[in-house]
Amino acid sequence: MSDVTTMAAALEAASVRRAFGSVQAVVNASLSVQPGSVTALIGPNGCGKTTLMLMLAGLLRPDGGEVRVGGISPGASPKAARTAVGWMPDVLGTWESLTCRETLATFARAYGLTPADADARAFSLLERVHLADLAEQPARVLSRGQKQRLSLARALVNDPPVLILDEPASGLDPRSRVELRDLVRQLGVEGKAVLVSSHVLAELDEMVDDAVFMSKGVTLGEAADAEVARARTRWRLVAVEGDLAGALARASRDFTVEQVPLGSAAVVSVADDADAAALVAVLVGDGIKVARIAPVGSALEQAYLTMETERR
Amino acid sequence: MTTTSQTPAPGAVPSASRWEPWRVSLSGVRLVAELELRQRVRSTKWKWALASVAVLIGGVTFLVWGATHALGSDSSGAPGDLVFGLVVFFVLFLGLVVSPTLSATSINGDVRDGTMAPLQATALSAADIVLGKLLASWAASLAFLVVALPFIVIAYFDGRMPALAMLTVMAVLALELLVVCAIGLGWSALTARTPASAVLTYTTVAVLVAVLPILFGLLSVTFTEEVEVTYSSREYIYYEGDYFEEPDPDDLPADAQQDAGGSYFVCRDYTYTENRPRTDRLWWLLAVNPYVIVADSAPSPATLDDNYYYGDEGILSGLKQAVREARVGPTASYDECDYELTYEEEQRRARIDALPPVWPWGLAAQALLAAGGVALGVRRLSVPYGKLPTGSRVA
Ligand SMILES: Nc1ncnc2c1ncn2[C@@H]1O[C@H](COP(=O)(O)OP(=O)(O)O)[C@@H](O)[C@H]1O
Ligand SMILES: [Mg+2]
Chain A
7 MSDVTTMAAA
17 LEAASVRRAF
27 GSVQAVVNAS
37 LSVQPGSVTA
47 LIGPNGCGKT
57 TLMLMLAGLL
67 RPDGGEVRVG
77 GISPGASPKA
87 ARTAVGWMPD
97 VLGTWESLTC
107 RETLATFARA
117 YGLTPADADA
127 RAFSLLERVH
137 LADLAEQPAR
147 VLSRGQKQRL
157 SLARALVNDP
167 PVLILDEPAS
177 GLDPRSRVEL
187 RDLVRQLGVE
197 GKAVLVSSHV
207 LAELDEMVDD
217 AVFMSKGVTL
227 GEAADAEVAR
237 ARTRWRLVAV
247 EGDLAGALAR
257 ASRDFTVEQV
267 PLGSAAVVSV
277 ADDADAAALV
287 AVLVGDGIKV
297 ARIAPVGSAL
307 EQAYLTMETE
317 RR
Chain B
2 MTTTSQTPAP
12 GAVPSASRWE
22 PWRVSLSGVR
32 LVAELELRQR
42 VRSTKWKWAL
52 ASVAVLIGGV
62 TFLVWGATHA
72 LGSDSSGAPG
82 DLVFGLVVFF
92 VLFLGLVVSP
102 TLSATSINGD
112 VRDGTMAPLQ
122 ATALSAADIV
132 LGKLLASWAA
142 SLAFLVVALP
152 FIVIAYFDGR
162 MPALAMLTVM
172 AVLALELLVV
182 CAIGLGWSAL
192 TARTPASAVL
202 TYTTVAVLVA
212 VLPILFGLLS
222 VTFTEEVEVT
232 YSSREYIYYE
242 GDYFEEPDPD
252 DLPADAQQDA
262 GGSYFVCRDY
272 TYTENRPRTD
282 RLWWLLAVNP
292 YVIVADSAPS
302 PATLDDNYYY
312 GDEGILSGLK
322 QAVREARVGP
332 TASYDECDYE
342 LTYEEEQRRA
352 RIDALPPVWP
362 WGLAAQALLA
372 AGGVALGVRR
382 LSVPYGKLPT
392 GSRVA
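First to last, the sequence lines map onto chains A and B.
Read in order, the letters of the first sequence are residues 7 to 318 in our numbering.
Read in order, the letters of the second sequence are residues 2 to 396 in our numbering.
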């Protein structure tokens with residue numbers, strides 16, 4: 007995981023908590039996002055992701071702990087902290103009778119842009135999220151995925167250094183997901199600090215540098231990081247012929263055999279690509295006909311599922 | 002890559018941030034008002050609503066005009082004042098009905114639709130949003146007033162009201178609509194559900210318009226005071242005989258007087274103790290009534306007849322006189338003998354004329370209500386939220 011001490015974090019939370027009446031939504035959450043990096047916030051429904059994000063976006067006051075956005079505390083200067091963040095809510099309401107372009111232009115002006123600048127900005131953002139064709143359509147006719155993209159464009163309207171995206175991938179078709187992933191990556195490359203929550207973990211895998219797991223209002227620190235690291239070393243090996251288990255044992259690898267209809271398969275612990283190549287060479291030398299070798303799947307998903315079982 | 006090395010001022014005063022939501026920017030208010038109006042103009046059958054209001058007011062004006070001119074051929078000969086008053090009151094009635102629908106769901110409705118939080122997350126302050134919404138709903142209700150204007154003007158030319166009455170009536174009507182809009186805004190900030198805030202806004206208007214006057218009536222019956230009342234009555238003197246005959250001037254009492262027809266009469270005073278309502282202690286219940294405020298603020302026609310205690314001045318001045326009468330309190334003498342005004346009546350009328358007008362007090366009280374509504378709105382929308390209204394999510 008990235009080194010926290012070398013750079014001022016663009017987004018920081020330390021031991022933040024928040025209750026709604028008797029419901030303790032966030033118990034103890036800490037995270038930090040560096041400029042130019044994308045961090046995932048992962049956890050089951052109701053674990054407090056949205057609540058935490060609201061506190062980071064300067065909309066909700068923490069009961070305790072500290073939040074800093076670009077060094078600014080929302081408690082001390084709410085407006086400065088608010089405007090440093092682009093926040094994409096999990097559900098975006100749209101103004102019934104405004105067109106997409108007008109919606110974005112209105113938000114741009116709400117951040118203090120002149121009408122002319124706001125219009126230009128709205129137009130370029132619509133291009134960026136591939137909604138330019140629908141610019142003059144009322145926002146209410148958009149499909150869920152299109153609304154989601156409009157919502158993302160809205161979060162970018164003030165060109166903020168920090169982005170907080172609450173479940174941006176929900177309701178997107180596969181193509182839009184890929185586009186979203188590319189867009190988020192690109193935002194990271196542009197130097198923005200991005201925090202993104204999602205339950206589509208496979209998608210997150212490819213777009214995030216870092217992950218923060220959350221469970222029952224608590225962000226899981228090193229245990230979760232270790233779990234992700236461990237999950238990243240799990241590769242699946244499929245062989246068409248040969249005694250796979252024996253060969254792996256001879257190669258002194260950690261493995262578990264899986265039942266497959268044809269040939270044999272096993273999940274093996276592999277450090278990285280080079281290690282995988284070395285292993286394949288050894289196995290082939292041992293007379294195993296290796297068909298496939300690849301990471302087991304989403305490391306985040308595996309880590310998440312492991313923690314889920316641990317929790318129960 | 003941008004590295005933000007900004008640190009907050011060490012002694013950052015939290016109280017400075019407390020007032021941030023109250024900071025108003027002209028451009029922000031305008032933006033929100035524009036947004037609201039654009040939303041509304043496109044989403045409702047706006048033209049139809051205005052057209053039907055025009056037809057309604059036109060119809061009522063015509064009917065009132067016809068009715069008063071058919072009936073009102075009495076001595077005063079000024080049914081036009083009545084027409085003016087009735088049309089103004091009808092416009093006020095419509096305004097009180099329409100305005101709440103424009104503002105009473107403007108905050109909780111947006112929260113429900115999920116359009117509020119993204120706006121709160123921008124550089125706009127809570128005051129910008131609230132004032133923008135207030136301005137928009139006021140502008141929309143002023144559109145109704147503009148539609149009503151031609152009919153008020155027609156009614157005005159039918160009567161003898163001073164020209165100033167037109168201006169004050171329009172201005173006060175506009176202010177009343179602003180007050181109702183602000184009250185609606187306040188309720189929409191206080192309640193999470195839109196039907197609740199609509200009902201509460203109508204209830205508040207009903208309290209001002211009807212409940213307080215009813216309370217005034219009930220309380221004045223309950224809180225009475227024993228007053229010594231003097232009735233002065235006219236007693237005619239007749240000669241006692243077989244036929245009706247002129248009384249002998251020598252037999253007449255010393256204070257006998259002759260009326261216009263030559264008959265003799267005396268004035269006799271009778272004194273009773275009676276329970277009288279202390280309206281002078283309760284009149285303020287009427288002062289916040291929108292109708293009273295409109296009536297009281299309109300200048301009366303100049304042709305007050307000095308020989309009558311009550312002028313015949315149409316509905317606006319009539320209401321104005323009635324409220325001022327209530328402020329002075331119970332009368333201690335009634336003169337049915339002398340048709341001229343007695344000294345006491347003249348005194349009383351002088352007192353009434355000298356009373357400061359009621360409407361500034363009424364409007365001030367309503368302005369407090371309106372300010373309360375706006376303040377509630379700003380508190381409701383200030384972020385970051387400390388305590389959330391129960392049962393509502395931020396987004
Ligand atoms: N405004 C609120 N009032 C009461 N309870 C709330 C409110 N917002 C969230 N909660 C509760 O807090 C918990 C965390 O919610 P949330 O942050 O939305 O979870 P997530 O986004 O991870 O699904 C849930 O149990 C939810 O019911
Ligand atoms: Mg959520």
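Quick caveat, the hints were computed from the structure, so don't treat them as lab data.
Owing to the predicted nature of the structure, the values given are computational and were not obtained by experimental measurement.
Careful, some of the hints might be misleading.
Claimed, not checked - SDA-like, lysine to any residue: derived pairs with alpha carbons at most 20 Å apart: (1) A:295 <-> A:271; (2) B:388 <-> A:181; (3) A:153 <-> A:71; (4) A:295 <-> A:244; (5) B:388 <-> A:146; (6) B:48 <-> A:82; (7) A:153 <-> A:122; (8) B:388 <-> A:23; (9) A:85 <-> B:383; (10) B:48 <-> B:113; (11) A:85 <-> B:379; (12) A:222 <-> A:21; (13) A:153 <-> A:143; (14) B:388 <-> A:79; (15) B:388 <-> A:271; (16) B:388 <-> A:185; (17) B:48 <-> B:98; (18) B:388 <-> B:191; (19) A:153 <-> A:118; (20) A:153 <-> A:195; (21) A:295 <-> A:242; (22) A:85 <-> B:23; (23) A:295 <-> A:226; (24) B:388 <-> A:33; (25) A:85 <-> B:227; (26) A:295 <-> A:258; (27) A:85 <-> B:124; (28) A:153 <-> B:388; (29) A:153 <-> B:116; (30) A:85 <-> B:380; (31) A:85 <-> A:122; (32) B:46 <-> A:242.
These are the hints, each one checked on the structure:
no., hint, in the structure
1, A:295 <-> A:271, "11 Å, holds"
2, B:388 <-> A:181, "41 Å, violated"
3, A:153 <-> A:71, "34 Å, violated"
4, A:295 <-> A:244, "9 Å, holds"
5, B:388 <-> A:146, "32 Å, violated"
6, B:48 <-> A:82, "47 Å, violated"
7, A:153 <-> A:122, "24 Å, violated"
8, B:388 <-> A:23, "14 Å, holds"
9, A:85 <-> B:383, "11 Å, holds"
10, B:48 <-> B:113, "27 Å, violated"
11, A:85 <-> B:379, "15 Å, holds"
12, A:222 <-> A:21, "14 Å, holds"
13, A:153 <-> A:143, "12 Å, holds"
14, B:388 <-> A:79, "19 Å, holds"
15, B:388 <-> A:271, "56 Å, violated"
16, B:388 <-> A:185, "38 Å, violated"
17, B:48 <-> B:98, "18 Å, holds"
18, B:388 <-> B:191, "13 Å, holds"
19, A:153 <-> A:118, "24 Å, violated"
20, A:153 <-> A:195, "25 Å, violated"
21, A:295 <-> A:242, "14 Å, holds"
22, A:85 <-> B:23, "12 Å, holds"
23, A:295 <-> A:226, "41 Å, violated"
24, B:388 <-> A:33, "17 Å, holds"
25, A:85 <-> B:227, "64 Å, violated"
26, A:295 <-> A:258, "18 Å, holds"
27, A:85 <-> B:124, "6 Å, holds"
28, A:153 <-> B:388, "30 Å, violated"
29, A:153 <-> B:116, "13 Å, holds"
30, A:85 <-> B:380, "15 Å, holds"
31, A:85 <-> A:122, "23 Å, violated"
32, B:46 <-> A:242, "63 Å, violated"
Checked against the numbered hints above, the structure breaks hints 2, 3, 5, 6, 7, 10, 15, 16, 19, 20, 23, 25, 28, 31, 32 and satisfies the rest.
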